[in-house]
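Protein chains in written order, with my numbering: chain A, 24 to 140; chain B, 58 to 299.
Worth flagging that the hints you see were computed from the coordinates, not collected in a lab.
Yeah, the Cβ is synthetic: ideal placement off N, Cα and C, and Gly gets one too.
There's no promise every hint is true.
Computed list of lysine-lysine pairs in DSS-like fashion (alpha-carbon distance at most 27 Å, straight line) [said to hold, decoys possible]:
| hint | chain 1 | residue 1 | chain 2 | residue 2 |
| --- | --- | --- | --- | --- |
| 1 | A | K101 | A | K59 |
| 2 | A | K101 | B | K70 |
| 3 | B | K299 | A | K101 |
Estimated spans, in silico, between C-beta atoms of each pair [said to hold, decoys possible]:
| hint | chain 1 | residue 1 | chain 2 | residue 2 | range |
| --- | --- | --- | --- | --- | --- |
| 4 | A | R110 | B | L144 | 10 to 20 Å |
| 5 | A | D128 | B | Q91 | 22 to 32 Å |
| 6 | A | R110 | B | L143 | 18 to 28 Å |
| 7 | A | G85 | B | G282 | 50 to 60 Å |
| 8 | A | G97 | B | E64 | 16 to 26 Å |
| 9 | A | E27 | B | N200 | 19 to 29 Å |
| 10 | B | I141 | A | R124 | 41 to 51 Å |
| 11 | B | G147 | A | D95 | 50 to 60 Å |
| 12 | B | R216 | A | D48 | 49 to 59 Å |
| 13 | A | A118 | B | R290 | 54 to 64 Å |
| 14 | B | E81 | A | R124 | 20 to 30 Å |
| 15 | A | R124 | B | D80 | 55 to 65 Å |
| 16 | B | Q238 | A | G85 | 22 to 32 Å |
| 17 | B | A265 | A | E27 | 40 to 50 Å |
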Amino acid sequence: MASEERRRSQLLRGALDLCLLAVMDEGPAYGYEMTKRLRARGLPIVGEGSIYPLLGRLESAGLVDTYRAESDGGPPRKYYRPSPRGRRALAQGVAEWRSTRDAVDAVLGSVEAEVYP
Amino acid sequence: MSEFVEECRREWKRLKVPRPIADEMADDLTADLQEAEADGASVEEVLGSGASDPRAFAAAWASERGIIPRRRAHGIRRPRLLTIVLLVVGAFLVVMAVGLVALLAVSGDSSAPRSGVATIAPSLAPGGIIGTAVEGATVSPANVALSTGRRTVLRRRPRSITITFVNHSSQTVALAHLTVQIDTHVYRYTASQMVPNASKRIHVTLPADLPRRFTIRATTRPVPGEANTANNRASWRVAIPK
Numbered sequence: 024m025a026s027e028e029r030r031r032s033q034l035l036r037g038a039l040d041l042c043l044l045a046v047m048d049e050g051p052a053y054g055y056e057m058t059k060r061l062r063a064r065g066l067p068i069v070g071e072g073s074i075y076p077l078l079g080r081l082e083s084a085g086l087v088d089t090y091r092a093e094s095d096g097g098p099p100r101k102y103y104r105p106s107p108r109g110r111r112a113l114a115q116g117v118a119e120w121r122s123t124r125d126a127v128d129a130v131l132g133s134v135e136a137e138v139y140p
Numbered sequence: 058m059s060e061f062v063e064e065c066r067r068e069w070k071r072l073k074v075p076r077p078i079a080d081e082m083a084d085d086l087t088a089d090l091q092e093a094e095a096d097g098a099s100v101e102e103v104l105g106s107g108a109s110d111p112r113a114f115a116a117a118w119a120s121e122r123g124i125i126p127r128r129r130a131h132g133i134r135r136p137r138l139l140t141i142v143l144l145v146v147g148a149f150l151v152v153m154a155v156g157l158v159a160l161l162a163v164s165g166d167s168s169a170p171r172s173g174v175a176t177i178a179p180s181l182a183p184g185g186i187i188g189t190a191v192e193g194a195t196v197s198p199a200n201v202a203l204s205t206g207r208r209t210v211l212r213r214r215p216r217s218i219t220i221t222f223v224n225h226s227s228q229t230v231a232l233a234h235l236t237v238q239i240d241t242h243v244y245r246y247t248a249s250q251m252v253p254n255a256s257k258r259i260h261v262t263l264p265a266d267l268p269r270r271f272t273i274r275a276t277t278r279p280v281p282g283e284a285n286t287a288n289n290r291a292s293w294r295v296a297i298p299k
């Protein structure tokens, strides 16, 4: 794997659970539907770990509620949505993400500025 | 795609995942892969890097769901982990042995220079390391860290600057003085009873009449007994938009 891809993968690893909670917070979704929502935002998971183990972790941690329902013309699917605890975790995680992003930007921002003096 | 699911099924069976749960996961996976195939998406687009290793993928999924213990899921990787541990222990022993040999060689030659001691001696005082230092500066908003090297070009006009200075001493500094000069404006601060390794941050609202390019200088006054004063000063060159 190229170093750029590896770095991207490492950066995403800590935020992918938040991204999943965020896209299912827009409306209950099954696994592949979440993949499509992420891809539509420019976040394909090719090269990343699969979302299924991550969904399993969110489920065992009580951060998502699940139910089975018919999909559009397809077989019954397992739908996920954030539990109340998952919504709190999402809000807290987003705050942590933004704080981390700002701190990293504070360091990298000046570097970028120096490239174009 | 069905071959991938069958591989997963075999792994779940090997890991003693209860049949109804394995069926549920297999059904979900099959439905997702079929829909993806109809969309023209690849297995990788659905499963990410898990697509290349169905057994690891299946074990990880069952493990993360809490269906099987993590140890059982990672059982197939244990030999690799053991190898890494043995390599680390081996490397540690080699480093220790080399260090011991080097130590014996130096102690056996009393005329050999002890470069480590010579290097830190100038910063030592009878009471230990003494001194304060300017650590860094950031401007807000955006919390941009300023560089002491090349000029930092800011895209937004900053409102304030935060300068951090520290007590590197092994003893409390009764009174530490910091002077900040922003272009032609001078500010003076005093901190009392700075305990060892304490840091102080001062915030200065930047004057409105700054030119487009200016320099910020910060200086901590050397405390009695301070030998290393090179880190008592720092300056940052800044450019801001009109």
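So, going through the hints one by one against the coordinates:
| no. | hint | result |
| --- | --- | --- |
| 1 | K101/A <-> K59/A | 16 Å, holds |
| 2 | K101/A <-> K70/B | 21 Å, holds |
| 3 | K299/B <-> K101/A | 56 Å, violated |
| 4 | R110/A <-> L144/B: 10 to 20 Å | 44 Å, violated |
| 5 | D128/A <-> Q91/B: 22 to 32 Å | 42 Å, violated |
| 6 | R110/A <-> L143/B: 18 to 28 Å | 46 Å, violated |
| 7 | G85/A <-> G282/B: 50 to 60 Å | 58 Å, holds |
| 8 | G97/A <-> E64/B: 16 to 26 Å | 23 Å, holds |
| 9 | E27/A <-> N200/B: 19 to 29 Å | 26 Å, holds |
| 10 | I141/B <-> R124/A: 41 to 51 Å | 32 Å, violated |
| 11 | G147/B <-> D95/A: 50 to 60 Å | 58 Å, holds |
| 12 | R216/B <-> D48/A: 49 to 59 Å | 35 Å, violated |
| 13 | A118/A <-> R290/B: 54 to 64 Å | 37 Å, violated |
| 14 | E81/B <-> R124/A: 20 to 30 Å | 37 Å, violated |
| 15 | R124/A <-> D80/B: 55 to 65 Å | 41 Å, violated |
| 16 | Q238/B <-> G85/A: 22 to 32 Å | 56 Å, violated |
| 17 | A265/B <-> E27/A: 40 to 50 Å | 43 Å, holds |
Taken one by one, the earlier hints fail for this structure at numbers 3, 4, 5, 6, 10, 12, 13, 14, 15 and 16, listed in ascending order.
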